[in-house]
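Participant: Sequence lines, in order, name chains S and R.
Counting along the first sequence from 1, when you hit position 143 you're at 143 in our numbering, and nothing is skipped either side.
Counting along the second sequence from 1, when you hit position 233 you're at 1233 in our numbering, and nothing is skipped either side.
Hints in this document: simulated from the structure, not taken from any laboratory.
Keep in mind that a hint or two might mislead.
[What the hints assert, rightly or not] Straight line, CA to CA, 27 angstroms or less: simulated DSS-like cross-link-like pairs of lysine-lysine: (1) K613(S) - K187(S); (2) K1556(R) - K1617(R); (3) K387(S) - K66(S); (4) K133(S) - K691(S); (5) K617(S) - K1597(R); (6) K691(S) - K1582(R); (7) K691(S) - K141(S); (8) K582(S) - K1691(R); (9) K1582(R) - K582(S); (10) K1387(R) - K1076(R); (11) K613(S) - K599(S); (12) K1520(R) - K1556(R); (13) K1582(R) - K133(S); (14) K691(S) - K1387(R); (15) K691(S) - K1597(R); (16) K520(S) - K691(S); (17) K520(S) - K556(S); (18) K613(S) - K556(S); (19) K1387(R) - K1556(R); (20) K1556(R) - K691(S); (21) K1186(R) - K1141(R).
[As the list claims (entries may be wrong)] Some chain S residues well away from chain R (every beta-carbon gap over 12 angstroms; in silico): (22) L94; (23) L98; (24) E193; (25) F245; (26) N287; (27) Y311; (28) L313; (29) Q366; (30) S449; (31) L498; (32) L500; (33) I505; (34) V634; (35) E638; (36) R639; (37) S685.
Quick caveat, the model's predicted, so the values are computed rather than measured.
Built from N, CA and C at the ideal position, the CB exists for glycine as well.
Number of protein chains: 2
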Amino acid sequence: CFSNCGSPGSGSLDYDNSENQLFLEEERRMSFTGFRCLEISRWLICGLIGVLTGLIACFIDIVVEKVARYKYEAIKQNIERFTEVGGLSISLILWAVLNFSFVMVGSILVAFFEPVAAGSGIPQIKCYLNGVKIPRVVRLKTLVIKVCGVICSVIGGLAVGKEGPMIHSGAVVAAGVSQGRSTTLKKDLMIFEYFRRDTEKRDFVSAGAAAGVSAAFGAPVGGVLFSLEEGASFWNQMLTWRIFFASMISTFTLNFFLSISHNNTGDLSNPGLINFGRFESENLNYNLYEIPLFIAMGAIVLGALFNFLNYWLTIFRIRYVHRPCLQVMEAMLVAAVTASVSFTMIYFSNDCQPLDSEHAEEYPLQLFCADGEYNSMATTFFNTPEKSVRSLFHNQPGTYNPLTLGLFTITYFFLACWTYGLAVSAGVFIPSLLIGAAWGRLCGIWLASLASIWADPGKYALIGAAAQLGGIVRMTLSLTVILVEATGNVTYGLPIMLVLLTAKIVGDYFQEGLYDIHIKLQSVPFLHWEAPATSHWLTTREVMSSPVTCLNRIEKVGTIVDVLSNTSTNHNGFPVVVQPSKLCGLILRSQLIVLLKHKVFVELAGSRLTRRKLQLKDFRDAYPRFPPIQSIHVSQDERECLMDLTEFMNPTPYTVTQVTDSTETTLTDVIRTLIQNNFHLQETSLPRVFKLFRALGLRHLVVIDDANRVRVLNLYKSKVFSRKLKIVTMILFRWLDW
Amino acid sequence: CFSNCGSPGSGSLDYDNSENQLFLEEERRMSFTGFRCLEISRWLICGLIGVLTGLIACFIDIVVEKVARYKYEAIKQNIERFTEVGGLSISLILWAVLNFSFVMVGSILVAFFEPVAAGSGIPQIKCYLNGVKIPRVVRLKTLVIKVCGVICSVIGGLAVGKEGPMIHSGAVVAAGVSQGRSTTLKKDLMIFEYFRRDTEKRDFVSAGAAAGVSAAFGAPVGGVLFSLEEGASFWNQMLTWRIFFASMISTFTLNFFLSISHNNTGDLSNPGLINFGRFESENLNYNLYEIPLFIAMGAIVLGALFNFLNYWLTIFRIRYVHRPCLQVMEAMLVAAVTASVSFTMIYFSNDCQPLDSEHAEEYPLQLFCADGEYNSMATTFFNTPEKSVRSLFHNQPGTYNPLTLGLFTITYFFLACWTYGLAVSAGVFIPSLLIGAAWGRLCGIWLASLASIWADPGKYALIGAAAQLGGIVRMTLSLTVILVEATGNVTYGLPIMLVLLTAKIVGDYFQEGLYDIHIKLQSVPFLHWEAPATSHWLTTREVMSSPVTCLNRIEKVGTIVDVLSNTSTNHNGFPVVVQPSKLCGLILRSQLIVLLKHKVFVELAGSRLTRRKLQLKDFRDAYPRFPPIQSIHVSQDERECLMDLTEFMNPTPYTVTQVTDSTETTLTDVIRTLIQNNFHLQETSLPRVFKLFRALGLRHLVVIDDANRVRVLNLYKSKVFSRKLKIVTMILFRWLDW
């Protein structure tokens, strides 16, 4: 699936407003009330994003619960029927066929109709928030396929969660609502036209992603921090509040509608799709001596191992499993294997536990256990993963054999690792938590038996879950808050943070986080937070793209068409110059395309050919899918016309200076000697340019010499730093003008 | 106190690294290991900041608890002795004198020794984080006075809290630790020299402020968000994690040492100075219909009223109470009045409640109540404010009469309002919470009686507290998280957020937040988050300072001394030009001072006068207190020497372009006509420049024309925008080159 994500058509987003004359005129015309209305619209949109995201989460949850109940009840009855009379292979086949069919539906939807809906969508949203546009990632169709796909894969019993995809869903909702139109439905509501540009749309998408996290984990603050940690560069107070608002509304909506569906209207105790349950007060506190134990658990590199295996698996998939039908077959194979392995594990397990009324299992399988007992292995495998996590956190000490937990950890680890990256919509959060909870509980049991201290296994399950998840996704701040909010208890803040930090530090020693690995495998050029530490010796001169393609302020139409059609210099922004190559502005490919489409030409005689003056609205209507240059027909006569770019170019692009020469003539010879000894060619260093790009969200930066002549437009092509610097292949994106 | 905060000597901080040759050489020399060591030092420093901040909080807490216990026990015994025999006026006098003396000590310390230690310090830290340096705000002496002052004022029974000052204390600790030296102690440990510049120091100070919040409220995430909401502009992932780490360590240290002092080592249930206590599970949930009620409570404008009254009081103080002895006298007066009013309220109250063992009051005053009963008014007044807040949150319904609560609200409101701004170290968080909790509880009682629905008064007390605090300080995201963490329960997230948002929106209609009011009254030029909405018609031309003072790259020492001594153009940065006025760099006042001090002169004969080459270390040693120009003696001979600024200037300052003319000659006449119709002089608009300043934390921005000639250096003087735009007096700071 990931093979086709880096396909042509992806590009970067432009978070720098093009302040051309049209824009400035509009802004200057607008009254204070106008701006206030815009602000109110923003809040309204964020509220709407929250409500819709919450509703989607609610829909997924209810459908999954209902259908999964039918499925498990049916299989349970079947197993019970055949346990005594023999012939459990029929039950196995029933189970496998049920899983098989659901996964097939989900996989066909994804592989054939919208490959970008595969996986959790978090890498894609992370890219989007960081300015890389992956085609079709925020379309309505993607959302529909995603929702159906995730329902199918969770019901299909794969080792997946429905939480990750919520983040993608929230982002799609946000992108749709904020633009007031849908390409899939071909419907334009003619509202929110002001927000039809990359800057504004990105803000709403971050709110949507946060709302998704919030609905998934009942973690509104965690959602905000997720958006910030993954996406933000410039922190804006008002924006953060709106994101927080969307998150709050989202979790509240989910909570409210779930309470209705549970016939318990107004009971707001289900804030998220996953609920870790309330940790009992006697388990709450941890002792000081436990902290090193927690840190040691964080250092267990199972997360890194997971990433390592998945990395090679993904490379294998990119090479050999790139045809949709192969992808569907692989998904079905995984579904069948998952069912068979689960069944085998349950079948051969002899971990029988008494069935008490207090912690009633939802689908207790008696199998070969005595009456009044149930098979403990079945509580982990024969249930939705969310429920299994809760059981591992909260079941009484002694509910699980160490052997059961060990076997479960190993099998589920490999199943989850195999599953992530399949052509199905599915998240990796819950499987990670489940694996971690299993080995964490195992650690707790061991500790209790070894040191003969009482260690609550549920607590260690939580820590293990955090360690595993942290080792896989390598988030710290937002993940700490998400987990704390999901447990509903702030007491575990410090241990969870320490575990996540350890997991990150230890894991980063081996490999990047799972999402970063997938982003890299998709060949997405992704700009990191800071320039590499030792990059001060690099200057703009060394990373800028040259030679630069410039346009004159009054340019021949033919030249523009040729420049745009030239695939070797497939730039997206062009500096506009006046003779002799003095920079006077920057114009984007998309703007030129709109100008060509509307034929804003001037004949040499000076008369305009267009009937009306082009307005900002024309650019907004074309946003975000500008036609390719090939689809625009320009006749031979028109090629001879001129285009006046003055109104449309951004007359104040950000620039950096490159001092080219030091030809001083006014100083005495003595001093001149001094200068020549000291004065090297000074250029802007890479970290400085990097900061400018990152902080302002730039896509283009013009390098000028000291006479304001455009030397080069630094449309950086991906630059791989020397390995000797111990900087792993770093790809500079946004500089990449693709 | 605030009158002398805007005194000369304050200035802005420079968050843009001066990338001169010395700096680049150092960076380029540094190996990857060097950078890794730096990174580890940063983490170490953050850990140390956390530990020290936690210890300070612990010290304050233990001292206050112990001494307050003696005080209240003594007064209680005294009152009990005199209740029956009459002569309670002696108790009143004892109470008043005790308060009086403590407050006198605290006030003398603050007013005479370190006026900047007055108040909570939050406005000052907010200024610091936003780039405005207020003199002596992060010195060790300030910390000592602050800690002693806050202990005195809390024990002195003023309507203050010890939480706000923790933020200031954390910031001072951070500034001290990260620099590896102290000016107050005249001690230089010769470590962490790399961090001796504004950028790095600011990062650590934000960690310190977060650690302070974290220790004060047991809210590590809230601390991080506080730092971000109040100070950050550019979000940096690694920095945020370090801040989070410091916060976690801080709350953990406090928790651990408090558990030792409570003889309960390892019981980590006291994460902060204030502990809201555990909300009982039956009170936890709220109903849907309560949400509008909560929002309505948020709209009660008592917070705005508080700000309004305090605003006028502060203006009065600036005018008439600016002499230290007057300030001390005012503080003592307030202490006496507080004691008298409290006593009177308790004396005349007839709200007697049965003394049950479950919710044992710490200092129950029987007074005129029957045996086995206690005076309910005394639980609010006769206690530390933290304890009173807890009582209001958690005491059984019916513990307080509505009349008691009403009277308490009114008196405490005015007392707190009068107290904030006195020359004592004290915070406004706890008084606000207390006022809010009182009227919130009152609302709860009324609702229960009016609608005959059961409304838990403790819940309404919490909401009221949030509304009042939000109405006063106008924070939303961070305050929500702080309150949620302090209650230890995420269920109230949504209502608290809605209340704070309402309080902010309603309150902002009347007035700014308390901290912003005080920042404004201190005449600190403070740059807001975004340029005013309707400022697109303003260009750099209109806000830049002119004429510009430039220096030549090789400049006469005399000229430099004259420029620096000129008080009318008291700039802090100067563009460096080569003839004819071509920009080649930017040099700071502080750098010039160091150069002059070390006499880095060149005689016209070309020989250097200094023995050694100046290094970055010389600049770091002088940081942050560069001597004034007046203290540097330059002889008449030396004035004739030259200074070569090449090595020391920043050769790549950020610039914006101002297009000055459109003298095109290469186009046909027809087109020229066209241009003249369309092409206006294009300049960078204010919002664009604003974004550059805010995102990059700039202090200077050079405006150049299209030939790279320095037109003006926009060292903006404070600019008051037209009222017609409905933009309230906005002062552009950082642009202010003071």
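Participant: Hints first: check each against the structure and report whether it holds.
Facilitator: Hints versus structure:
Proximity of K613(S) to K187(S) is assessed by CA-CA distance (about 26 angstroms); at most 27 angstroms being required, the pair is judged to hold. Straight-line distance between C-alpha atoms of K1556(R) and K1617(R) comes to about 25 angstroms, which keeps the hinted pair within the 27 angstroms bound. Between K387(S) and K66(S), the direct Cα distance comes to roughly 14 angstroms. Compliance with the 27 angstroms bound is thereby established for this hinted pair. Our distance criterion of 27 angstroms between C-alpha atoms is met by K133(S) and K691(S), whose separation comes to about 21 angstroms.
Distance restraint check for K617(S) and K1597(R): the Cα-Cα separation of roughly 60 angstroms exceeds the 27 angstroms cut-off, and the hinted pair is therefore not satisfied. Taken as a hint, the K691(S) and K1582(R) pair is honoured in the structure, with Cα atoms around 25 angstroms apart against an allowance of 27 angstroms. The hinted pair formed by K691(S) and K141(S) fails the criterion: a straight-line CA distance of about 37 angstroms is larger than 27 angstroms. Straight-line distance between C-alpha atoms of K582(S) and K1691(R) comes to about 25 angstroms, which keeps the hinted pair within the 27 angstroms bound.
Pair hint K1582(R) plus K582(S) holds up; C-alpha atoms about 15 angstroms apart against a cutoff of 27 angstroms. With a CA separation close to 16 angstroms, the supplied pair K1387(R) and K1076(R) stays within the 27 angstroms bound. For the hint linking K613(S) to K599(S), the alpha-carbon distance of about 11 angstroms falls within 27 angstroms, and the restraint holds. Between K1520(R) and K1556(R) the CA atoms are separated by roughly 40 angstroms; this puts the pair beyond 27 angstroms, and the hint is violated.
Pair hint K1582(R) plus K133(S) does not hold up; C-alpha atoms about 40 angstroms apart against a cutoff of 27 angstroms. At roughly 48 angstroms between alpha-carbon atoms, K691(S) and K1387(R) are farther apart than 27 angstroms, so this suggested pair is violated. At most 27 angstroms may separate the alpha-carbon atoms for a hinted pair to count; K691(S) and K1597(R) exceed this at roughly 33 angstroms. Note on K520(S) and K691(S): the hinted pairing holds, with a Cα-Cα distance of about 22 angstroms set against a maximum of 27 angstroms.
Taking the CA atoms of K520(S) and K556(S), the gap is about 40 angstroms. The hint is violated against a cut of 27 angstroms. For the hint linking K613(S) to K556(S), the alpha-carbon distance of about 19 angstroms falls within 27 angstroms, and the restraint holds. Restraint check: the Cα-Cα separation between K1387(R) and K1556(R) comes to about 66 angstroms, which exceeds 27 angstroms; the hinted pair is violated. Our distance criterion of 27 angstroms between C-alpha atoms is broken by K1556(R) and K691(S), whose separation comes to about 35 angstroms.
Distance check on the hinted pair: K1186(R) and K1141(R) sit about 12 angstroms apart at the alpha-carbon level, within 27 angstroms; holds. Its beta-carbon lying about 41 angstroms from the closest one in chain R, L94(S) satisfies the requirement of being farther than 12 angstroms from that chain. Even its closest Cβ contact with chain R, about 37 angstroms, leaves L98(S) beyond 12 angstroms, as expected for a residue assigned away from the interface. Consistency note on E193(S): stated as away from chain R, and its beta-carbon is indeed over 12 angstroms from all of that chain's, at 18 angstroms minimum.
Separation of F245(S) from chain R is inadequate, the least Cβ-Cβ distance of about 7 angstroms not exceeding the 12 angstroms criterion. A beta-carbon of chain R is positioned within 12 angstroms of the beta-carbon of N287(S); the least distance is around 5 angstroms. For Y311(S), the non-interface assignment is confirmed: its Cβ lies about 22 angstroms from the closest Cβ of chain R, beyond the 12 angstroms cut-off. Its beta-carbon lying about 28 angstroms from the closest one in chain R, L313(S) satisfies the requirement of being farther than 12 angstroms from that chain.
Distance to chain R confirms Q366(S) as a non-interface residue, since its nearest Cβ pair spans about 34 angstroms, more than 12 angstroms. Once the 12 angstroms rule is applied to beta carbons, S449(S) is consistent with being away from chain R; the minimum gap is 22 angstroms. With a minimum CB-CB distance of about 8 angstroms to chain R, L498(S) fails to clear the 12 angstroms threshold, and the non-interface call is violated. Annotated as non-interface, L500(S) brings its C-beta within 12 angstroms of a C-beta of chain R; the closest such distance is 10 angstroms.
In this structure I505(S) is not separated from chain R by more than 12 angstroms, as the shortest Cβ-Cβ distance comes to only about 10 angstroms. The non-interface label for V634(S) is consistent with chain R: the shortest C-beta to C-beta separation is roughly 20 angstroms, beyond 12 angstroms. The non-interface label for E638(S) is consistent with chain R: the shortest C-beta to C-beta separation is roughly 17 angstroms, beyond 12 angstroms. Non-interface status of R639(S) relative to chain R is upheld: no Cβ of that chain comes within 12 angstroms, the nearest being about 17 angstroms off.
A beta-carbon of chain R is positioned within 12 angstroms of the beta-carbon of S685(S); the least distance is around 6 angstroms.
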